[in-house]
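Respectively, the protein sequence lines represent chains H and B. Numbers in our numbering are just positions in the first sequence, counted from 1, shifted up by 32. Numbers in our numbering are just positions in the second sequence, counted from 1, shifted up by 292.
Calculated from the structure, these hints are not laboratory results. The reader is advised that the hints may include incorrect statements.
Example chain B residues on the side facing chain H (calculated, C-beta under 8 Å, incomplete) [stated by the list, open to error]:
no., residue
1, N386
2, N421
3, M478
A few chain B residues that face chain H, going by a derived Cβ cut-off under 8 Å, partial list only [as the list claims (entries may be wrong)]:
no., residue
4, N311
5, E336
6, I346
7, R351
8, T354
9, F417
10, F423
By construction, the Cβ of each residue, glycine as well, lies at the ideal position given by its N, Cα and C atoms.
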Amino acid sequence: MVAAIQIKHLKKTYGPVQAVQDVSLTIEPGEIFGLLGPNGAGKTTTIRCVCTLATPDSGRVEVMGIPVLTQPQRVRQHLGYIAQEVALDKVLTGRELMRLQAALYHLPGPLAQQRIEAMIQLLELEEWADQKTGTYSGGIKKRLDLALGMLHQPDVLVLDEPTVGLDIETRSAVWAFLRQLRAAGTTILITSHYLEEIDTLANRVGIIDQGRVIAAGRPAELKDQLGGDRITLRLQEFTTPAEAETARLLLAHLPCVQDVIINAAQGNSLNLLVDRQAEALTLVQQTMATAGLPIFGISQSRPSLDDVYLAATGRTLIDAELAAVGQRDLKREKKQAMKGG
Amino acid sequence: MSTTLPTPLSNSAGAAALNSAAIQSWKESLAKTARPDWRDFWQETLAMTQRLFIQLQRRPSTLVAGVVQPLIWLVLFGALFQNVPAGLFGESRNYGQFLGAGIIVFTAFGGALNAGLPVMFDREFGFLNRFLVAPLASRYSIVVASALFIASLSLLQTAAILSLSALLGAGLPNFLGLVLVLAIVMALVLGVTALSLGLTFALPGHIELIAVIFVTNLPLLFSSTALVPLDFMPHWLQIVASFNPLTYAIEPIRYVYLHPDWSWSSLVLQTPFFNVSLAACGVVLTIFCAGSLALIQPLLRQRMA
Ligand SMILES: Nc1ncnc2c1ncn2[C@@H]1O[C@H](COP(=O)(O)OP(=O)(O)OP(=O)(O)O)[C@@H](O)[C@H]1O
Ligand SMILES: [Mg+2]
Numbered sequence: 033m034v035a036a037i038q039i040k041h042l043k044k045t046y047g048p049v050q051a052v053q054d055v056s057l058t059i060e061p062g063e064i065f066g067l068l069g070p071n072g073a074g075k076t077t078t079i080r081c082v083c084t085l086a087t088p089d090s091g092r093v094e095v096m097g098i099p100v101l102t103q104p105q106r107v108r109q110h111l112g113y114i115a116q117e118v119a120l121d122k123v124l125t126g127r128e129l130m131r132l133q134a135a136l137y138h139l140p141g142p143l144a145q146q147r148i149e150a151m152i153q154l155l156e157l158e159e160w161a162d163q164k165t166g167t168y169s170g171g172i173k174k175r176l177d178l179a180l181g182m183l184h185q186p187d188v189l190v191l192d193e194p195t196v197g198l199d200i201e202t203r204s205a206v207w208a209f210l211r212q213l214r215a216a217g218t219t220i221l222i223t224s225h226y227l228e229e230i231d232t233l234a235n236r237v238g239i240i241d242q243g244r245v246i247a248a249g250r251p252a253e254l255k256d257q258l259g260g261d262r263i264t265l266r267l268q269e270f271t272t273p274a275e276a277e278t279a280r281l282l283l284a285h286l287p288c289v290q291d292v293i294i295n296a297a298q299g300n301s302l303n304l305l306v307d308r309q310a311e312a313l314t315l316v317q318q319t320m321a322t323a324g325l326p327i328f329g330i331s332q333s334r335p336s337l338d339d340v341y342l343a344a345t346g347r348t349l350i351d352a353e354l355a356a357v358g359q360r361d362l363k364r365e366k367k368q369a370m371k372g373g
Numbered sequence: 293m294s295t296t297l298p299t300p301l302s303n304s305a306g307a308a309a310l311n312s313a314a315i316q317s318w319k320e321s322l323a324k325t326a327r328p329d330w331r332d333f334w335q336e337t338l339a340m341t342q343r344l345f346i347q348l349q350r351r352p353s354t355l356v357a358g359v360v361q362p363l364i365w366l367v368l369f370g371a372l373f374q375n376v377p378a379g380l381f382g383e384s385r386n387y388g389q390f391l392g393a394g395i396i397v398f399t400a401f402g403g404a405l406n407a408g409l410p411v412m413f414d415r416e417f418g419f420l421n422r423f424l425v426a427p428l429a430s431r432y433s434i435v436v437a438s439a440l441f442i443a444s445l446s447l448l449q450t451a452a453i454l455s456l457s458a459l460l461g462a463g464l465p466n467f468l469g470l471v472l473v474l475a476i477v478m479a480l481v482l483g484v485t486a487l488s489l490g491l492t493f494a495l496p497g498h499i500e501l502i503a504v505i506f507v508t509n510l511p512l513l514f515s516s517t518a519l520v521p522l523d524f525m526p527h528w529l530q531i532v533a534s535f536n537p538l539t540y541a542i543e544p545i546r547y548v549y550l551h552p553d554w555s556w557s558s559l560v561l562q563t564p565f566f567n568v569s570l571a572a573c574g575v576v577l578t579i580f581c582a583g584s585l586a587l588i589q590p591l592l593r594q595r596m597a
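In isolation and in its complexed conformation, chain B is listed as follows (with noise of 0.2 Å):
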């Protein structure tokens, strides 16, 4: 394809265009007011977030795969163990009950732990630059955005996973619980995506990345009480999952699936040492989320690209 090129870049009208008065008092007001406040920070924050959505609108094939994944693992974990005694399962009626709890954790810490994926392309093919060269008020605004992206995404493939179980008959928690199953799934997409774009930073390609996330992520299903509940794994496995923070996502949601009646001291967990609240659960969780976020300060800070 022939560009014709410009002429009209050698007038001296452009020069005038380009220093335009209004991009001077801007520049004058930057100096004088104090940079930056965190009305720059979510501009940016929701700029990078908006590119996110843009990049999944026109490829879509990443959406519609990762809603119809989880509804997979539903229907085949739930047929495999459909014979199980009731009762091995704790107070769940079938284990398609049990599932449903275990399969959104999973599915949103999948789709967290993967989230630095697109930031190492960026980086290695220079895009990350222009964030890097540019005066962001921080750049956790790389980390909010790619959670709020993963985080909505968790939101889409809850909501299937919770109607799925519901019309394989396992119900739905009330209001109040479902809000809860929200906030918990939330608080562990920030956690998760800050630790992956800590690796990110820390790592130096995508194969080393790749890598990582594959040793780390069916193992920590396989350690949590995602797919049997504690008291049917042998006592050294016990000990593993009761210290795997995804454990401590997923009982809180199994409890309130089951009871209504949920409160804040509600005993949702018995591990070999200790008994763990549902309030306890969101303390684990909220200090975890806090701690990856703290975690990754020295990575972010450093240059490089």
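Isolated chain H, as found in the complex (with noise of 0.2 Å):
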């Protein structure tokens, strides 16, 4: 079965910045595929590739089979975009933008009029769709984005942060709308920088940072290879010193823990790494009562895809993010944005 979309050793510079170094991700028809990164990753970067509006310094990239670079009109047609900023125009109506874009992509008046209703109703704009889009609030903005990118019913659909400054409601909407989507047969490529989104709605996962793939695969898989649980235990809510290390060795014997380390800037806490196994947490506690120590709260978790992050790079996503603020011009970006290439 061809590839929904197959990236291969994608290269892409903006002058001096390096902005996709080596990309190279395969997604599979019918799946939600997630790109996560921090900012300035090269995810929009990739995307632009993907959609026909970037050329690639090098590299090859496919969508349904197509090659971008030579058949762009093709692959266009196969293809709804998303882009990271809603962009509408405020004098129109959503109904007059949605018929515009039914012309774009030359659908037959009869069928456009029919997208159009379902979109309407599916997206709950009844309310809005004759109201001009400058009176719409943000959440209503990007509904209508989605009717938009989805009227031709693309095979792939590209969303670039899709959530990104919605509120709650909004967000959990556009993803039951991309659910939807994916139970209609529709292959989603998204990108993202919250990490529980892409935990929670793709199949598969692919790690970028600073324009390379870090990780690829399914999230529980990404999350397995790190091996084991995390289990957080508190003996009190300010333990000693002292009765950390003691609980640190009675701990560190037990077969199924791999490490325990002491947390000092949480109240003395122990964090421990554990085989997956359903007692893990039972022995711990037993061997705390056996010991007569206390317990003032234990929680186990699997690791996050933050840990994923952390483990190929060192640092965690949050950091990233943190570092990378004050590093990008903005301004400069957007002027060279527009020249393209």
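Two chains, each in its own frame: build the complex with the hints.
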């Protein structure tokens, strides 16, 4: 079966900036693929190369088996693109914009009409369709943007950070919509720097950092590769160092425990890395009880995608975000982006 | 304003509505037929044009200003040169009659030159991306849509100028003459619109575009025969004016104003180097138009956002 999107050794530079250094990804038909990475990782650039908006320096990109570089026209027919920033004509109404969009994709009149009605219903835009888009709130704009992107029922829908800056309600509406699309057979490529968004939505995820793919696979697989679960244990609200050390020595001897760290920043709580097995938590509790040590709180958790990112880059996604802020000259970038290429 | 949000989104009937049989069979037919064809081109062009008209309808001030401005020109310039002795302006009876053709062409030119601005704002705003990621039959639809829109405006403006000139005693060309005037205005608008959009795709932003428009607009007016006849100018300016495309739009219009018996072979312009017939003006304008369209093709092809 031909891949929905195939990216091989994609490279794209803007002057001295290596926006994408080496990205290879395969996105299978019918899946939701999440592209995760901190600010400036190269997500948008990758997507612009897929959507025929930018020419790669080198590498190969195919959509539904059609090469993007040589047959952009055919690729565009299969693609829906929802940009990071919603761009609407504020003088037109939602319905008028949808008519325009339908014509750009050459939908015949009656079918366009039918699609527009269906989209209005699906995204609950009845109340808004005949208002000028200049009067819309952020959430309504995003819903109209989704409606526009899906009007021609593309095989592949590409969304660049679709939920950034949205309220929680709209965000979950977007998620629900995307799940519905997948149920209808649409392949979805979505970028985000929200871990939980990718975790809940995507079947597969590619983590990208400084223009390279540093991990790709099913979220569960990626986390499993990191090994066991995390257990956080607090003996008391403020445990003394001595008490914590006693506990650490005891726990380190348990066969299911791989590592124990005392986290001084959190009142000397103990962070354990344990084999993934149901009894781990009980074993820890029993050990404490036998030694006569108290338990103030205990919790077990799976590794998160952030742990995956941490393992690959040695820093957390949040740290990377913070580092990226201030490094970028946004105004210059916008200018550059317009020059395109 | 509160926006209650979708539970309906979670129902699975939505999926079925999304992927209806109708849309599926349309997509299959797309794969089978040779696309794109000229009907696709017209569909996208008309939709883009319609958008421009809706904008105009909801923001009519541009229309009002666009019609009033050339009329002010006509009155002011007319008054300015009112006392110039008859005979200085060729065969024209008075300056008003002479000026009409110049104002018609200059107004159409100015409108077309500015055609790129709204597209530039679309580009800066990201709206143009909708056009660029869509499977347009040709990106010339963006050019043609702008040209159709500007041409309609120019027709209105031309009608207003013709009427006011007539009221001021300049008379009117005969019917075929009027048709010729319209044809000339159309050709000029299409060519200049193409150039303006070419600039829009080539320049980095609206500041630069405005700068270029600014330094092109008035110099082209003053170096054409819009305001004074060729033999009124110093020699060097005569040379410039006889290569200014505006001159080739102005002179035929001026001629048909004065000569109801015009024909293609009528001599409408005598430059220091050559004499130009009405037919030759037509050829020059056609070449200008086709040349502009051809010139911008590589700019339309490129990938950009
Ligand atoms: N048009 C451009 N001109 C110059 N540099 C650019 C341009 N576009 C992107 N860059 C640079 O390329 C790198 C990748 O940018 P890109 O927009 O692809 O990142 P991103 O992952 O989408 O980030 P974000 O999460 O902030 O949207 C950044 O360092 C950015 O500064
Ligand atoms: Mg981005």
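Hint check results:
Residue-level restraint check for B/N386 is violated (minimum Cβ-Cβ distance to chain H is 43 Å; threshold 8 Å). This hint holds: B/N421 has a C-beta 6 Å from the nearest C-beta of chain H, less than the 8 Å allowed. For the restraint placing B/M478 at the interface with chain H, the shortest Cβ-Cβ distance is roughly 24 Å, beyond the 8 Å limit, so the hint is violated. Using the Cβ-Cβ criterion of 8 Å, the hint placing B/N311 at the interface with chain H is satisfied: the shortest such distance is roughly 4 Å.
Taken as an interface hint, B/E336 checks out: its beta carbon lies about 6 Å from the nearest beta carbon of chain H, inside 8 Å. Interface restraint check: B/I346 against chain H, minimum CB-CB distance 6 Å, threshold 8 Å, status holds. Interface hint status for B/R351: upheld, as the beta-carbon distance to the closest one in chain H is roughly 7 Å, under 8 Å. The beta carbon of B/T354 comes no nearer than 12 Å to any beta carbon in chain H, farther than 8 Å, and the hint placing it at the interface is violated.
Interface hint status for B/F417: upheld, as the beta-carbon distance to the closest one in chain H is roughly 5 Å, under 8 Å. Against a cut-off of 8 Å between C-beta atoms, the interface hint on B/F423 holds, since the closest Cβ of chain H lies about 7 Å away.
Of the numbered hints given earlier, the model fails hints 1, 3, 8; all others are met.
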